[in-house]
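There are 2 protein chains.
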Amino acid sequence: MSAITVKPWLRRYEDYDEFYLSTEVVICGYGGAGASAALEARRVGADVLVLERASGGGGSTQMSSCEMYLGGSGGTKLQREVGLEDSTDNMIAYLSECFGAHGDPEKIRVYAEGAAEHFDWVESLGVPYKRAVYLERTVVPFSDESLLFTGNERAWPFNTVAQPVPRGHVPSKEGDEGGRIFMQALMATVEAEGALIKTDARVLGLIQDDSGRVRGVVARIDGMEVAIEASRGVILTAGGFVMNREMLARHAAHTVPFGEPYGNQWDMGDGIQMGMAAGGNAINMDQCFISFAFYPPAKLTYGLLVNNKGQRFINEDAYLARMGHYAGIQDKQEVYLLVQNEDFELPHYFDPPPPLVGTGDTVAEVEREAGLPIGSLQATVEYYNQHAAQGEDPLLHKSADWLKPIDKPPYALISMKPADVKYPLGENSGWLMFTLGGLETLADGEVLTPQGVVIPGLYAAGRTTAGLPRTAKGYASGMSVGDATFFGRRAGKQAASAAD
Amino acid sequence: MSAITVKPWLRRYEDYDEFYLSTEVVICGYGGAGASAALEARRVGADVLVLERASGGGGSTQMSSCEMYLGGSGGTKLQREVGLEDSTDNMIAYLSECFGAHGDPEKIRVYAEGAAEHFDWVESLGVPYKRAVYLERTVVPFSDESLLFTGNERAWPFNTVAQPVPRGHVPSKEGDEGGRIFMQALMATVEAEGALIKTDARVLGLIQDDSGRVRGVVARIDGMEVAIEASRGVILTAGGFVMNREMLARHAAHTVPFGEPYGNQWDMGDGIQMGMAAGGNAINMDQCFISFAFYPPAKLTYGLLVNNKGQRFINEDAYLARMGHYAGIQDKQEVYLLVQNEDFELPHYFDPPPPLVGTGDTVAEVEREAGLPIGSLQATVEYYNQHAAQGEDPLLHKSADWLKPIDKPPYALISMKPADVKYPLGENSGWLMFTLGGLETLADGEVLTPQGVVIPGLYAAGRTTAGLPRTAKGYASGMSVGDATFFGRRAGKQAASAAD
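Protein chains in written order, with my numbering: chain A, 1 to 500; chain B, 1001 to 1500.
With a straight-line cut-off of 16 Å between C-alpha atoms, the simulated EDC-like cross-links for lysine to aspartate or glutamate are:
(1) B/1404 - B/1343
(2) B/1404 - B/1342
(3) A/404 - A/342
(4) A/309 - B/1392
(5) A/130 - A/120
(6) A/309 - A/369
(7) B/1309 - A/392
(8) A/77 - A/113
(9) B/1422 - B/1260
(10) A/198 - A/222
(11) A/332 - B/1097
(12) B/1332 - A/97
Hints are computed from structural coordinates only; laboratory data are not their basis.
Isolated chain A (complex conformation):
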């Protein structure tokens, strides 16, 4: 059966007389979302086949530190055991502020209601969480605490609409190995419970019948193209599209000048394209996580982030992705961090460290050396200092904890321009990004058409969907893995429970 040229991702069910294999649920992609879906589908008794294009499972979740953004319901077990409270309403208020018109109120509600239970589920897999909270400003913990602030909770305007509480849950291990720990535990459980896993198996397309119901997939397994029937449903969990340059240029062109893709090599948008070919709606496709973390060290937060007009544009205590969003809309993404001597240290995350584009004993010297408009940075610093001395930031509302006059020279201006932000040995540069657009789904994973109709037999989760996190502006670390595993589970359960 050859593909229809113009719809390589779709086959017609009525053209098949027989199938290579028949099962109940087929899952396309064995990362965080797919593995979570597989486990729940098995647990309600369905036969499950997981197909993974790579040579092993794990996906982008395994590459991550596996923070999960969890809370609500009086607090997760971990939040409660370190003496913190949270509530579902508080979490909903926070998440609603995060995403504004981009947000999905139903997914926000369902997530906030279920996130605490989700933590119990993760822990039940044997993933270790230490009952300790890390309160410093960081991206991932460098010690073994398992709870930290990973978003804008303590920053304006979020601190005006919701009670700040840390919601980043990360497996307890020094260093950044949470993803491996979690995925190994999850995949071991999935396999122990009898899901069939096939790696090096690329799904080539969905099989849909003339009524619109998705009936299976075509995949290349061991070099052979085979048709596989899924009597209950197909779940697309194949990641986002950040590695697909063509898709980025067409859907998120604004990121092309500055983005450095962050994900696994198969985040090519296969799942999204298959879902669309079957009639699914891809939405929010321009939105991406964007980040350059100038911290740690946290003390750099005392600095001033300015654009090429010497203007501040975001409270510097905002979370890395929110800074990425606002920096991304500055002219040519030319942004810099001004720091005084007592707070100076180079940001930790870059290799080699970003350059100093101006230094001096006066702000005027720094400004001149950096080529900023004469007087612009001076005016910004003068205005800032005047108010910071009173513990106020009337312009951008940086929290009083991070306010003090910039008046102790020498000063340095650190470039955060995409070209100056470099990774391992300077081989790559740019601001890290991954995509937040994908198939529109209901909270149980059902894929919707543009008219809001459910496509029978088709489900999706993780970055193949437009899930909980919708913009960099409101992103907190742990929202993507949290979303993928949480809604992955729901999709697995729902597909497995569907009538044949």
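Since the structure of chain A is already known, use the hints to place chain B on it.
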């Protein structure tokens, strides 16, 4: 034949034994793009049927002032006859700066090469153009000159990469009736040359065969659902989707808080959705034209446009859509225009006029009354004045023509916030917008799949496509009608010339 539930926009060719009607080219939508396509298709000898959902032709083009952005090739006839020169390279340089990574280099090139000839074609329809140029800053001419600046040509940074030349061509008539004049002339010619026009005819879906070729359409005509075969091709020219709130929320959510849709009632995205159902790629879907024109009167350009931090964020001599783009990314879209007494007049385009949120004999008074952060507007004005006195604007490079210190009280701060920008009798408010995303096409209108494969038999033009104009940031008036009619013609010719 009932629609497949999940793909209401698509029918299967093989399911049809006979057709209500067979023709060569079917055009869906009788606005600027569709009428231009119809004329060219007829002129190469094809039988043409145009289906229009409304009770008459015209579309959004007829509602517009029918500016067309034309030039290149040594100049259009009109440019040359008023003594102006233009070149294709100059136009390409300008258009490339307009759209950056969002632009389509091939469409830019083809358009710049053919735009001067396109003017001759428009004039040959009998549309009157007066050989006179209007050089004031305006949106549409209030007198009868036919050539004007309609973009950022004279503003930074465009004036650093291309020689400014006016390219807005508008039918000669006092007032804003260009669209009616043009569409009446065009439609009369289309009909005289024998294209069949059917209004009150809604296209319900495309008919596609199993090889992927589009073979016709299903339409509701006179209350009856009928299948129509198109042996050479179907052209989708059904406008954008600005009237479709659901689509906006999913693809351009950022505009929801501030956008006021500008278009005709049937800009519902039908063409885009049909094209997608047949396997077409919809791209650039988040991008929109956005505008609040604080001018005329042009002298308001001497003012300072500031956000709710009292910061300037765009050179005030930029074109309305570019200001709309930059204003759209300011916090809550709270933007204001500060004007001194000698330049004060209320913007002309609003009804009732926007409110003054602060007035006073000092900037400090204005700032306090408007509730801006204390000292913020004062610092901005002080910095501006210091440099404006030297004829410079180091921050944002407003042209020297519009620079003078703001030091003659009283001062007024005019609100340009979306809620304060009102239209006829205050019934609507918001910044005008329409969509710039749609089907990805080649320069001859062929619709592409996400894999870049041409869908045989399917063409599109106008706002149903991602055409020449891709962002508000670089939009000039006349680019949408220019693009729709120019690429509409090409699509018509191409479809009509295709093999049966």
